[in-house]
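Student: Next come the chains, spelled out residue by residue.
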Amino acid sequence: MASVELRNVWKIYGGTVEAVIDACWKAEQGEFFSILGPSGCGKSSSLRMIAGLEEITKGEILFDDTVVNHLASSQRNVAMVFENWALYPTMNVYENIAFPLRVRNVPQAEIDKKVRHAAEFLQLGDLLKTGVKHLSGGEMQRVSIGRAIVRNPAVLIMDEPISHLDAGLRAQMRDELKTQVSRLGVTTLYITHDQVESMAMADRIAIMNFGRIQQVGTPLDIYYNPRNEFVGGFIGEPPMNFTVVYLVQDGEDYYVHSPSIRFKLDDQCKARFLEYAGGRQLKLGVRPEDVLVSLIPTEGSFPLKVDFVEPQGDRTIITLQLEKDEFLLTQVLGDLRPTIGELVHIEFDQRHIHFFDMESGINVLYTDND
Amino acid sequence: MAKVTLENVTKRFGKVTALEHVNITIKDGEFFVLLGASGAGKSTTINVISGIEIADDGRVFLDEGDVTHAFPQDRNIATAFESYALYPHFTVFQNLMFPLEAPRRKRTYSKESREKRVHEVAAMLGIEELLQRYPRELSGGQKQRVALGRTLVRRPKAYLLDEPIAHLDAKLRHRMRAELKKIQREMGITTLYATPDQLEAMAMGDTVAVLHKGKIEQVGTPDEIYYKPNNLYVAEFVGDPPMNILPVDYRGNYAVVECDPPYQIPIPSESQRRLAEKNVGHELKVGLRPKDIKMVPVHDPGAHVHGTVSLIDTLGQTSIVTVVFGKSEVKAKINSNDLPELHSEIGLEYEVNSFYFFDATSGLRVC
Numbered sequence: 003m004a005s006v007e008l009r010n011v012w013k014i015y016g017g018t019v020e021a022v023i024d025a026c027w028k029a030e031q032g033e034f035f036s037i038l039g040p041s042g043c044g045k046s047s048s049l050r051m052i053a054g055l056e057e058i059t060k061g062e063i064l065f066d067d068t069v070v071n072h073l074a075s076s077q078r079n080v081a082m083v084f085e086n087w088a089l090y091p092t093m094n095v096y097e098n099i100a101f102p103l104r105v106r107n108v109p110q111a112e113i114d115k116k117v118r119h120a121a122e123f124l125q126l127g128d129l130l131k132t133g134v135k136h137l138s139g140g141e142m143q144r145v146s147i148g149r150a151i152v153r154n155p156a157v158l159i160m161d162e163p164i165s166h167l168d169a170g171l172r173a174q175m176r177d178e179l180k181t182q183v184s185r186l187g188v189t190t191l192y193i194t195h196d197q198v199e200s201m202a203m204a205d206r207i208a209i210m211n212f213g214r215i216q217q218v219g220t221p222l223d224i225y226y227n228p229r230n231e232f233v234g235g236f237i238g239e240p241p242m243n244f245t246v247v248y249l250v251q252d253g254e255d256y257y258v259h260s261p262s263i264r265f266k267l268d269d270q271c272k273a274r275f276l277e278y279a280g281g282r283q284l285k286l287g288v289r290p291e292d293v294l295v296s297l298i299p300t301e302g303s304f305p306l307k308v309d310f311v312e313p314q315g316d317r318t319i320i321t322l323q324l325e326k327d328e329f330l331l332t333q334v335l336g337d338l339r340p341t342i343g344e345l346v347h348i349e350f351d352q353r354h355i356h357f358f359d360m361e362s363g364i365n366v367l368y369t370d371n372d
Numbered sequence: 025m026a027k028v029t030l031e032n033v034t035k036r037f038g039k040v041t042a043l044e045h046v047n048i049t050i051k052d053g054e055f056f057v058l059l060g061a062s063g064a065g066k067s068t069t070i071n072v073i074s075g076i077e078i079a080d081d082g083r084v085f086l087d088e089g090d091v092t093h094a095f096p097q098d099r100n101i102a103t104a105f106e107s108y109a110l111y112p113h114f115t116v117f118q119n120l121m122f123p124l125e126a127p128r129r130k131r132t133y134s135k136e137s138r139e140k141r142v143h144e145v146a147a148m149l150g151i152e153e154l155l156q157r158y159p160r161e162l163s164g165g166q167k168q169r170v171a172l173g174r175t176l177v178r179r180p181k182a183y184l185l186d187e188p189i190a191h192l193d194a195k196l197r198h199r200m201r202a203e204l205k206k207i208q209r210e211m212g213i214t215t216l217y218a219t220p221d222q223l224e225a226m227a228m229g230d231t232v233a234v235l236h237k238g239k240i241e242q243v244g245t246p247d248e249i250y251y252k253p254n255n256l257y258v259a260e261f262v263g264d265p266p267m268n269i270l271p272v273d274y275r276g277n278y279a280v281v282e283c284d285p286p287y288q289i290p291i292p293s294e295s296q297r298r299l300a301e302k303n304v305g306h307e308l309k310v311g312l313r314p315k316d317i318k319m320v321p322v323h324d325p326g327a328h329v330h331g332t333v334s335l336i337d338t339l340g341q342t343s344i345v346t347v348v349f350g351k352s353e354v355k356a357k358i359n360s361n362d363l364p365e366l367h368s369e370i371g372l373e374y375e376v377n378s379f380y381f382f383d384a385t386s387g388l389r390v391c
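Protein chains in written order, with this note's numbering: chain A, 3 to 372; chain B, 25 to 391.
Please note: incorrect hints may appear among the correct ones.
What the hints assert, rightly or not - Far from chain A, some chain B residues (derived; all Cβ distances over 10 Å):
hint: 1; residue: 83
hint: 2; residue: 205
hint: 3; residue: 207
hint: 4; residue: 371
What the hints assert, rightly or not - Pairwise CB distance ranges, derived in the manner of DEER restraints:
hint: 5; chain 1: A; residue 1: 298; chain 2: B; residue 2: 293; range: 47 to 57 Å
hint: 6; chain 1: A; residue 1: 220; chain 2: B; residue 2: 278; range: 36 to 46 Å
hint: 7; chain 1: B; residue 1: 114; chain 2: A; residue 2: 195; range: 27 to 37 Å
Calculated directly from the structure, the hints in this document are not laboratory data. All residues carry an ideal CB built from backbone N, CA and C; glycine is no exception.
From just these sequences and the hints, can you work out the full model?
Tutor: Printed below as a string of structure tokens:
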């Protein structure tokens, strides 16, 4: 297995369309690294350049600190797992796993050893003679992984491998995939548009949008410390709330204002603003779980009207009305059930609120943990 | 507006029984959710009420009138199909107008009031800009909103909505739930809403019916379905991640969890008393929601079992941690700030007062 590094990598199609812009990141040996972003963000172009299926316009790609730009796809020793598993329907499990070795003219004795080893590792030992059309989804997934790893690849690339499955099965396959891959210990690049998958599976995530890397970090770092508005809004379900506010200084105190919001920054949050010199109009970002809802006024709270209440079992999602077509989602644990139209009293958990620049979208209080 | 009643309805397709002795009463003006996995019989239930299918046995009532064998057009019910069923050669506007221009309704609505209604509904669903487009020029989510709009332009006795927002993206779907519920409350029209999504069912339903293989497993409020599941099926279907189910050998003040290797859990005296009243045997299944499991150090005296952390799924503020012991596992939902190390040994402490007890044979909840 190998580390994978992108140094100032660009992909420009037809001289004008910038699909990947100055990408810089490194996946360490054995790391489960996810490239996450909406469709058209450049994640597939990135993976195609890494696999050698697409020319690199500018920059360098390195495997284990060696530049591989000039190497053909077949020389890079990259294995891929696709969305629909892409198994050969007429072959049994054994032949599917053996296929990459057969096309490389590996001697039969060695093929047999490697296939059996991979099959045993993936708990497919009893299924070697079974036709793939008789397999369950989870078994097909394992065969697909088996075929990918049988030739000891330097890097395993998975391109949206489970996004076509329905929700229940997807969660199950996610767990299984993660377990298998972590046992293999092979460097894995996992491409997906689904933030839940990236958060649940990856050691680290690179988030892309419009061809640019937005942030690279561990799931929790990205969740609690988003570098910009896009990252804040893309990660988390239900999504982060955004609303335009003004920061007003009154003597020693800082207040956050909008037509429907008014609260005072606590000392800790205020301290983070001491060196801030940007505009006073900002976009406030707050996650639904960081909105504290009370049925009675509390010190420092402000009132909002309940628009919708959704019981979700162990938690409740309450939608509050800000302005006419603007809403604030909240998620509270337990079974708080205010009535629609009622006024409730709101505070924010100020450890986890964010302020984004109106134009650049940059988190003005961002702290780089690297 | 009307009450909708299904009385002992059975529907077969060849050898397959799609619905078996289904009894449902949807109160006048109620938002009633039919929750079930694909193939449970949700669409068949809708088709039997709308008149597209005729029940083999049992009866269907609108208020007190028996409509079991009435033609669909005589029932005054509006249905939104999961497959959209838009007219490809009509624009969005014409598709939305269509139900209002049926010969029998044309007299009820003037041309102005028809157009006004179409614009109202289009605004509600955020599809005003699409009115002059054809279905082929729409995305899946847009088509679905048009299909829903074509249902909502009418004011029938009941709306039947078959997964009407399944194809919208997450954010829009969330907003649509609130809008739909608001529209329904304002219009007061009896609504049957079918979905495979348990969170959506709990979010929207005044009442939820859980359908499984053509049979009703439970009917209740969202809280009843979640906190008082009738049986194992409902307990495992509702809740995310699903409830942990532990087969046990019940011995009075304790139970041996029959897994590999087995271990004991204490049974609170209140539960013992109720189990004694029900006169249960030894074979039970204990249900425990992932939120009711705490992580403690391995040798903590409060630990009921210890095992190895095999998987951590971070969702954000909370994470789902899978702990294996021998050949068995449980899932716990914990705060992401308190995450254990992957592959580390930890103890689990169960919230014993939150145990659910099920009969191992029938699957029914005992207490």
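Student: Indicate, hint by hint, whether the structure satisfies it.
Tutor: Consistency of the hints with the structure:
no.: 1; hint: 83; in the structure: holds, 33 Å
no.: 2; hint: 205; in the structure: violated, 7 Å
no.: 3; hint: 207; in the structure: holds, 12 Å
no.: 4; hint: 371; in the structure: holds, 22 Å
no.: 5; hint: A:298 / B:293: 47 to 57 Å; in the structure: violated, 36 Å
no.: 6; hint: A:220 / B:278: 36 to 46 Å; in the structure: holds, 41 Å
no.: 7; hint: B:114 / A:195: 27 to 37 Å; in the structure: holds, 33 Å
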